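First to last, the protein sequences are chains D and Y. Per this note's numbering, the first sequence starts with residue 1, numbered consecutively. Per this note's numbering, the second sequence starts with residue 1, numbered consecutively.
Just so you know, these hints were derived from the structure itself, not from any lab. This structure is a prediction, so every number in the text was calculated from the model and none was measured. Each hint can be trusted.
20 Å max Cα-Cα, derived DMTMM-like pairs, lysine to aspartate or glutamate:
| hint | chain 1 | residue 1 | chain 2 | residue 2 |
| --- | --- | --- | --- | --- |
| 1 | D | K108 | Y | E44 |
| 2 | D | K56 | Y | E99 |
| 3 | Y | K3 | Y | E105 |
| 4 | D | K56 | D | D31 |
| 5 | D | K105 | Y | D86 |
| 6 | Y | K3 | D | E42 |
| 7 | D | K57 | D | D84 |
| 8 | D | K105 | Y | E44 |
| 9 | D | K105 | Y | E105 |
| 10 | D | K56 | D | D79 |
| 11 | D | K105 | Y | E85 |
| 12 | D | K108 | Y | E105 |
| 13 | D | K57 | Y | E99 |
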Amino acid sequence: QQQVRQSPQSLTVWEGETAILNCSYENSAFDYFPWYQQFPGEGPALLIAIRSVSDKKEDGRFTIFFNKREKKLSLHITDSQPGDSATYFCAASGQGTGSKLSFGKGAKLTVSP
Amino acid sequence: GPKVLQIPSHQIIDMGQMVTLNCDPVSNHLYFYWYKQILGQQMEFLVNFYNGKVMEKSKLFKDQFSVERPDGSYFTLKIQPTALEDSAVYFCASSSTGEAPLFGEGTRLSVL
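Given only the sequences and the hints, what does the whole structure look like? Please build it.
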């Protein structure tokens, strides 16, 4: 059972546009939601994360919007740059320190100059 | 910044043989994880540790898998015997807080 779902699977935007990557989850016990960025041949790197007590988390050009009632969240990348072209993974974990992360299948973002 | 180191970066092995994947986590991290990624797809959880003890194993952590910490520093993931479906990139990760683990660059395992 896929606990974390992402859409779209791939997205292409022009440089300067806002890219929006969506994520939804099944498990109500999930309370921590990191987004990871992965470039080809590299490991995933933490980009930004949010806890379920918040509805928004911003870090520079990256913003997470979180809707606990609908079990949905989205990652907005404003002023997209070609260097943002990567695969983005939405992940979730439950309460309990050290809990495993459940990952979505990823979304491949391409930013065209 | 701190890095999780994985050796080797690529391993090619014949089906049925044993393989050992090595990972050197960040030195002061107490939480440790192994994940499996097939063909650039989602990361699948295998096992996690706290302070050297297993916390949880997933269904993907088959009987052929074992994890050790030989000398208290680096971790190993051993697969014996290997199967074709074990071909994947294996990532280890570590964390000081139990959240937002820091991932290594992975070991690409090719089972022929």
